[in-house]
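**Student:** Sequence:
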Amino acid sequence: MQIKRALISVSNKAGVVEFARALHEAGVEIVSTGGTMKAIKEAGIPVTYVSDVTGFPEIMDGRVKTLNPYIHGGILAVRDNPEHVREMKEHKITGIDLVAVNLYPFRETIAKPGVTLAEAIENIDIGGPAMVRAAAKNFKFVTVVTNPDRYAAIAEQVKKDGCVDDRTRMELAQEAFAHTAAYDDMIQNYLAEQLKK
Numbered sequence: 006m007q008i009k010r011a012l013i014s015v016s017n018k019a020g021v022v023e024f025a026r027a028l029h030e031a032g033v034e035i036v037s038t039g040g041t042m043k044a045i046k047e048a049g050i051p052v053t054y055v056s057d058v059t060g061f062p063e064i065m066d067g068r069v070k071t072l073n074p075y076i077h078g079g080i081l082a083v084r085d086n087p088e089h090v091r092e093m094k095e096h097k098i099t100g101i102d103l104v105a106v107n108l109y110p111f112r113e114t115i116a117k118p119g120v121t122l123a124e125a126i127e128n129i130d131i132g133g134p135a136m137v138r139a140a141a142k143n144f145k146f147v148t149v150v151t152n153p154d155r156y157a158a159i160a161e162q163v164k165k166d167g168c169v170d171d172r173t174r175m176e177l178a179q180e181a182f183a184h185t186a187a188y189d190d191m192i193q194n195y196l197a198e199q200l201k202k
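The opening position of the sequence shown corresponds to residue 6 in our numbering, with each subsequent residue numbered one higher.
The hints are simulated quantities; they were obtained by calculation from the structure and are not laboratory data.
All figures in this text were calculated on a predicted structure; none of them were measured in a lab.
Zero decoy hints are in this set.
List time: in silico PhoX-like cross-link candidates among lysine-lysine, alpha-carbon distance up to 25 angstroms:
#: 1; residue 1: K46; residue 2: K18
#: 2; residue 1: K18; residue 2: K43
#: 3; residue 1: K145; residue 2: K94
#: 4; residue 1: K202; residue 2: K117
#: 5; residue 1: K46; residue 2: K164
#: 6; residue 1: K145; residue 2: K97
#: 7; residue 1: K43; residue 2: K9
#: 8; residue 1: K165; residue 2: K9
#: 9; residue 1: K9; residue 2: K145
#: 10; residue 1: K18; residue 2: K164
#: 11; residue 1: K9; residue 2: K97
#: 12; residue 1: K117; residue 2: K201
Produce the complete structure using the sequences and hints provided.
**Tutor:** In structure tokens:
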């Protein structure tokens, strides 16, 4: 799958500007959200705001921004299914070929002394895991990157071949599911501890 469009939305911004720059230089369109978009834009890299894709603003203090058919349809479409392709055209959905997402810093939040339950709850990511899981499910067509340590190698493949090989996409999908599973486990453990109080 040629990578033509990437969605980048990360809490951990380590290496993200360099990654976005490498993808842009390889001819990839970058779509992004809030703080990530700001960092990419400030580095002089062209970037499309996710609200310009969805036609809907980020709302509820950023709780709702990517939960939208223009995003999830773009990620989940089975590109060799004629019906999916027809529906993409009908609804003007553009494919998203790479998803680079890491999640709200729940672990760091609950490690802070005196953190409240309300603060912890606000750092439970919803849209991030949804995008990660969607991209991982559709790894046949979509590259999902949750670990910044992977950026350089992925960017190199995209620059060299225009795509990421099949085995690497499956490896990245496995990593992505492990990432969301660990995240959910951390949240349920935290809530279990709260219930004991």
